[in-house]
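**Q** Could you put together the complete structure from these sequences and hints?
Residue numbers (this note's numbering), protein chains in the order written: chain A, 236 to 452; chain B, 4 to 242.
Hints are computed from structural coordinates only; laboratory data are not their basis. Please note: incorrect hints may appear among the correct ones.
What the hints assert, rightly or not - Counterexamples of contact, computed for chain B against chain A with all Cβ distances above 10 angstroms:
#, residue
1, VAL76
2, GLU78
3, GLY88
4, PRO103
5, LYS104
6, SER187
7, VAL217
8, GLN230
Claimed, not checked - Beta-carbon label-pair distances, calculated as ranges:
#, chain 1, residue 1, chain 2, residue 2, range
9, A, THR341, B, ARG186, 29 to 35 angstroms
10, B, ARG94, A, ARG377, 27 to 33 angstroms
11, B, GLY184, A, VAL390, 34 to 40 angstroms
12, A, GLU351, B, GLU34, 34 to 40 angstroms
13, B, LYS183, A, THR273, 50 to 56 angstroms
14, B, HIS155, A, VAL390, 24 to 30 angstroms
15, A, GLY387, B, TYR51, 26 to 32 angstroms
16, A, ALA296, B, ARG94, 34 to 40 angstroms
17, A, ARG367, B, ASP30, 21 to 27 angstroms
Unchecked claim - Far from chain B, by Cβ distances over 10 angstroms, these chain A residues were calculated:
#, residue
18, PRO244
19, HIS269
20, THR313
21, ARG322
22, ASP323
23, GLU349
24, GLY374
25, GLN391
Keep in mind that this is a model prediction, so the values were computed, not measured. Ideal Cβ positions, reconstructed from N, Cα and C, are used throughout, including at glycine.
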Amino acid sequence: MPGESLTRPSTLLIACGALAREVKHLLDVNGWSHMTLTCLPADLHNTPQQIPGAMRRKIRASRDRYDRIVALYGDCGTGGLLDDVLRDEGVERIPGPHCYQFYMGTDDFTRLAEAEPGTFFLTDYLVRHFDRLIIKGLGLDRFPQLRDDYFGHYVQLVYLAQTEDPELDKAAQAAAERLGLIYARRLTGYGELETFMAEAGHGDNAVQPVPAMRLSR
Amino acid sequence: MSEEDDLDLSSLNDEELVQQMHDDLYDGLKEEIEEGVNILLERGWQPYDVLTKALVEGMRIVGIDFRDGILFVPEVLMAANAMKGGMAILRPLLAETGAPKMGKMVIGTVKGDIHDIGKNLVSMMMEGAGFEVVDIGINNAVEDYLAALEEHQPDILGMSALLTTTMPYMKVVIEALKEKGIRSDYVVLVGGAPLNEAFGEAVGADAYCRDAAVAVETAKSFMSRRQGSALAGLQAAGD
Ligand code: B12
Numbered sequence: 236m237p238g239e240s241l242t243r244p245s246t247l248l249i250a251c252g253a254l255a256r257e258v259k260h261l262l263d264v265n266g267w268s269h270m271t272l273t274c275l276p277a278d279l280h281n282t283p284q285q286i287p288g289a290m291r292r293k294i295r296a297s298r299d300r301y302d303r304i305v306a307l308y309g310d311c312g313t314g315g316l317l318d319d320v321l322r323d324e325g326v327e328r329i330p331g332p333h334c335y336q337f338y339m340g341t342d343d344f345t346r347l348a349e350a351e352p353g354t355f356f357l358t359d360y361l362v363r364h365f366d367r368l369i370i371k372g373l374g375l376d377r378f379p380q381l382r383d384d385y386f387g388h389y390v391q392l393v394y395l396a397q398t399e400d401p402e403l404d405k406a407a408q409a410a411a412e413r414l415g416l417i418y419a420r421r422l423t424g425y426g427e428l429e430t431f432m433a434e435a436g437h438g439d440n441a442v443q444p445v446p447a448m449r450l451s452r
Numbered sequence: 004m005s006e007e008d009d010l011d012l013s014s015l016n017d018e019e020l021v022q023q024m025h026d027d028l029y030d031g032l033k034e035e036i037e038e039g040v041n042i043l044l045e046r047g048w049q050p051y052d053v054l055t056k057a058l059v060e061g062m063r064i065v066g067i068d069f070r071d072g073i074l075f076v077p078e079v080l081m082a083a084n085a086m087k088g089g090m091a092i093l094r095p096l097l098a099e100t101g102a103p104k105m106g107k108m109v110i111g112t113v114k115g116d117i118h119d120i121g122k123n124l125v126s127m128m129m130e131g132a133g134f135e136v137v138d139i140g141i142n143n144a145v146e147d148y149l150a151a152l153e154e155h156q157p158d159i160l161g162m163s164a165l166l167t168t169t170m171p172y173m174k175v176v177i178e179a180l181k182e183k184g185i186r187s188d189y190v191v192l193v194g195g196a197p198l199n200e201a202f203g204e205a206v207g208a209d210a211y212c213r214d215a216a217v218a219v220e221t222a223k224s225f226m227s228r229r230q231g232s233a234l235a236g237l238q239a240a241g242d
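**A** In structure tokens, the structure reads:
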């Protein structure tokens, strides 16, 4: 909404690097110019124990320059420690355990995960970086024989697509083949990431100081 | 590298060979480990000594370097697979030679979770420490745990979870044990990367274990306490 920008609080979004492209896209198309994006390295994904500390440092380094700070992060395997830090620092986080769930929506995700626990998910980001993050990340380039140790219990690969992109679709299909899994694709769009960002961007609570935001979990 | 590849293991003395096996385990060389195990057995080593001195000790070193961020998951998996090769040779011999029995454990990953690398490692190290381990695999519902406890009558129940969404299920299992009045029949150990001590306490486990080495130590200490109190019970009955 034009004209609104004067009342909108300056907001810093601290996101996982795996969401950078998507968040930036949403900021651009929605004209949310009062929100600034900064990221923690996506590689922290594989060492979740380092996420809470990195988040705290980022918050403290940026606090003075923004009206509010919001975290675009899953719990990401920190076992609640990320939320402890955020509670301490008075920063709200998008609800959910990981990005697969907030792209797909909690109910849909839970249903699918329960129906077939042997599901491995990819997102646009993971399809783009499949070789680096999955193949190299799990050492399958060096030790291809480990494939079944990792994926022996998996049945299907579900590509949760944020965008319509035939190239990514093809790449995801190739990834499924490489892992020996049945392939399926679901167009999720940006799911709860978009709705959460829209709410976070509202000017309504501009007067409230940072710690006043209620934690949703 | 090529020099090492051609190394004739049988030309090494016992001490050198064990040292070499630690290195080979570290490098995930399954065939070399199997060969080393066979050579030590031919030299008259007790299967239990081969297990503890060559394999378990080697894997202990791998565990330390994994904890310290020097080794990563694929290296640990390769090492574990190499050790598995050695264990497959030793297992029947251990049964024959009556190696020490520490106790029995049922272990499985909880419902909705099919991560099993950590659980498998714990199983292997527990077996290496002389525990009989019944691994009930992944994605276990309450009924699966209950059925396994009933069938195998273990001393210890181990549960693993790697997902924030599945770890609360441990509480569901422990509550079911309480409801059936059998909670105190078992030592319940829990583990998995996202867990911590406070969580273990909150769900009512006996202990949370950070890694396989801690799991073994914890299990041993609970077993000696249990045996202690069983003995005390017997004495009291005899008095
Ligand atoms: C390897 C891995 C996988 C492999 C699993 C292969 C396999 N066969 O297990 C693959 C790639 C297939 C995979 C899949 C998924 N994964 Co995964 N995975 C990991 C990763 C990188 C390492 C886990 C691991 O094996 N570590 C090595 C072992 C040796 O360590 P460990 O498990 O911690 O076990 C040790 C201790 O914890 C302890 N221990 C463990 N269990 C027990 C039990 C007892 C009784 C005791 C005493 C001790 C004990 O001792 C062990 C040995 O020292 C973690 C990130 C991380 N660093 O933790 C993510 C991680 C756990 N995965 C995650 C996710 C989200 C998934 C997927 C949903 C991803 C997807 N794209 O679909 C699926 C899950 C599907 C399902 N239903 O389970 C998230 C969880 C996030 C969250 N909020 O919970 C993590 C944290 C990554 C992340 N940051 O997003 N994953």
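**Q** Does each hint hold? Answer for all of them.
**A** Evaluated hints:
1. VAL76: 7 angstroms, violated
2. GLU78: Violated: least Cβ distance 7 angstroms, not greater than 10 angstroms.
3. GLY88: 13 angstroms, holds
4. PRO103: Holds, since 30 angstroms exceeds 10 angstroms.
5. LYS104: 29 angstroms, holds
6. SER187: Consistent with the label, B/SER187 stays out of reach of chain A, its closest Cβ about 27 angstroms off (over 10 angstroms).
7. VAL217: Holds: least Cβ distance 16 angstroms, greater than 10 angstroms.
8. GLN230: At roughly 33 angstroms from the nearest Cβ of chain A, B/GLN230 sits farther out than 10 angstroms, so the non-interface label holds.
9. A/THR341 with B/ARG186: 29 to 35 angstroms: 32 angstroms, holds
10. B/ARG94 with A/ARG377: 27 to 33 angstroms: Because 29 angstroms falls inside the window, the suggested range holds.
11. B/GLY184 with A/VAL390: 34 to 40 angstroms: 38 angstroms, holds
12. A/GLU351 with B/GLU34: 34 to 40 angstroms: 36 angstroms, holds
13. B/LYS183 with A/THR273: 50 to 56 angstroms: 51 angstroms, holds
14. B/HIS155 with A/VAL390: 24 to 30 angstroms: 28 angstroms, holds
15. A/GLY387 with B/TYR51: 26 to 32 angstroms: For A/GLY387 and B/TYR51 the Cβ distance comes to about 31 angstroms; the hint holds.
16. A/ALA296 with B/ARG94: 34 to 40 angstroms: 55 angstroms, violated
17. A/ARG367 with B/ASP30: 21 to 27 angstroms: 24 angstroms, holds
18. PRO244: Holds, since 30 angstroms exceeds 10 angstroms.
19. HIS269: Given that every Cβ of chain B is farther than 10 angstroms from that of A/HIS269, nearest at about 31 angstroms, it holds.
20. THR313: For A/THR313, whose nearest Cβ neighbour in chain B is about 7 angstroms away, the distance does not exceed 10 angstroms, so it is violated.
21. ARG322: Its Cβ never comes within 10 angstroms of chain B, the nearest being 15 angstroms, so this holds.
22. ASP323: Its Cβ never comes within 10 angstroms of chain B, the nearest being 15 angstroms, so this holds.
23. GLU349: 7 angstroms, violated
24. GLY374: 3 angstroms, violated
25. GLN391: 12 angstroms, holds
Checked against the numbered hints given earlier, the structure breaks hints 1, 2, 16, 20, 23, 24 and satisfies all the rest.
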